[in-house]
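Student: Residues 23 to 98 in my numbering are what the sequence shown lists, from first letter to last.
Hints are all accurate, no fakes.
The calculated BS3-like cross-link candidates involving lysine-lysine, where the alpha carbons are at most 25 angstroms apart (straight line), are:
| hint | residue 1 | residue 2 |
| --- | --- | --- |
| 1 | Lys49 | Lys79 |
| 2 | Lys94 | Lys79 |
| 3 | Lys60 | Lys79 |
| 4 | Lys94 | Lys60 |
| 5 | Lys49 | Lys60 |
| 6 | Lys94 | Lys49 |
No wet-lab data here; the hints were simulated from the structure.
Just so it is clear, the structure is predicted and the values come from calculations on it, not from any experiment.
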Amino acid sequence: SSDPMRSIEASEARELLRSGLAQLPPKLREAVILRDLKGLAYEEMADQLSLPVGTIKSRINRGREELARALKGRAR
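Given the sequences, and given the hints that come with them, work out the whole structure.
Tutor: Here it is, written out as structure tokens:
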């Protein structure tokens with residue numbers, strides 16, 4: 023027995039997140055998705071993307087900051 027209102031809110035939250043992610047530059051979007059949505063470790067990401075771990079961490083941080091700004095602007 024699922025709550026219809028909760029289902030609608032979850033759907034709206036997913037759409038807001040998709041929209042925010044779409045606004046990110048591809049490199050930042052990829053880093054945020056791999057880390058926060060797929061749960062990859064920094065080392066796994068570095069191997070997969072052939073990048074240093076420091077670059078991975080930087081992209082994740084910048085991506086999260088830009089995503090937060092995008093979501094904050096849409097939530098108003």
